[in-house]
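S.K.: Sequence:
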Amino acid sequence: MARIAGVDIPRDKQVLFSLPYIYGIGFPKAKLILAQTNIQTDRMVRDLTDDEVVRLRAVIEGEHIVEGDLRREVRQNIQRLIEINCYRGQRHRRGLPVRGQRTKTNARTRRGARRTVAGKRRAARK
Numbered sequence: 026m027a028r029i030a031g032v033d034i035p036r037d038k039q040v041l042f043s044l045p046y047i048y049g050i051g052f053p054k055a056k057l058i059l060a061q062t063n064i065q066t067d068r069m070v071r072d073l074t075d076d077e078v079v080r081l082r083a084v085i086e087g088e089h090i091v092e093g094d095l096r097r098e099v100r101q102n103i104q105r106l107i108e109i110n111c112y113r114g115q116r117h118r119r120g121l122p123v124r125g126q127r128t129k130t131n132a133r134t135r136r137g138a139r140r141t142v143a144g145k146r147r148a149a150r151k
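In the working numbering, the protein residues as written are 26 to 151.
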């Protein structure tokens, strides 16, 4: 396995499909990186030379924010929204949808499972 940005990318796949295993690299960015490093998209990871792996590493770690740095940046952005007490920050704090989705129905993924509330009991007649 080639280790890039702290992630072991699978050897038995093409490079184009292995790079998205790294957090922060999707399919389009993988194509861009392979074009920058002059590596064919259909090459298998196990067939890459050490020089090609070094070039991939240099481009990914030098020009792109990936893995821990990207996760930290996203977390800091959300924390900043919460601290300045803007509407989006309030929604993050309450665990509600942030981007204007409806909440009267749906939004179960963001709000979590329903909590059942016991109904009123009727008094027994004598």
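Hint data in this document are derived by calculation from the structure and do not stem from the laboratory.
No residue lacks a Cβ here, since even glycine has one placed at the ideal position from N, Cα and C.
Accuracy of the hints is not assured; some may be wrong.
Claimed, not checked - Taking lysine-lysine and the DSS-like style, the derived pairs with C-alpha atoms no more than 27 Å apart in a straight line are:
| hint | residue 1 | residue 2 |
| --- | --- | --- |
| 1 | 56 | 38 |
| 2 | 54 | 38 |
| 3 | 145 | 129 |
Said to hold, decoys possible - Simulated restraints on C-beta separations:
| hint | residue 1 | residue 2 | range |
| --- | --- | --- | --- |
| 4 | 125 | 71 | 25 to 31 Å |
| 5 | 141 | 88 | 47 to 53 Å |
| 6 | 141 | 71 | 18 to 24 Å |
| 7 | 74 | 42 | 56 to 62 Å |
| 8 | 118 | 28 | 18 to 24 Å |
| 9 | 129 | 52 | 43 to 49 Å |
| 10 | 121 | 83 | 40 to 46 Å |
| 11 | 119 | 95 | 23 to 29 Å |
| 12 | 137 | 38 | 41 to 47 Å |
| 13 | 79 | 140 | 31 to 37 Å |
| 14 | 74 | 132 | 37 to 43 Å |
| 15 | 28 | 133 | 36 to 42 Å |
| 16 | 127 | 35 | 35 to 41 Å |
S.K.: For each hint, tell me whether it holds in the structure or not.
M.R.: Right, here's what the structure says about each hint:
no.: 1; hint: 56 / 38; in the structure: 15 Å, holds
no.: 2; hint: 54 / 38; in the structure: 17 Å, holds
no.: 3; hint: 145 / 129; in the structure: 23 Å, holds
no.: 4; hint: 125 / 71: 25 to 31 Å; in the structure: 46 Å, violated
no.: 5; hint: 141 / 88: 47 to 53 Å; in the structure: 51 Å, holds
no.: 6; hint: 141 / 71: 18 to 24 Å; in the structure: 53 Å, violated
no.: 7; hint: 74 / 42: 56 to 62 Å; in the structure: 19 Å, violated
no.: 8; hint: 118 / 28: 18 to 24 Å; in the structure: 38 Å, violated
no.: 9; hint: 129 / 52: 43 to 49 Å; in the structure: 36 Å, violated
no.: 10; hint: 121 / 83: 40 to 46 Å; in the structure: 42 Å, holds
no.: 11; hint: 119 / 95: 23 to 29 Å; in the structure: 25 Å, holds
no.: 12; hint: 137 / 38: 41 to 47 Å; in the structure: 35 Å, violated
no.: 13; hint: 79 / 140: 31 to 37 Å; in the structure: 53 Å, violated
no.: 14; hint: 74 / 132: 37 to 43 Å; in the structure: 50 Å, violated
no.: 15; hint: 28 / 133: 36 to 42 Å; in the structure: 39 Å, holds
no.: 16; hint: 127 / 35: 35 to 41 Å; in the structure: 40 Å, holds
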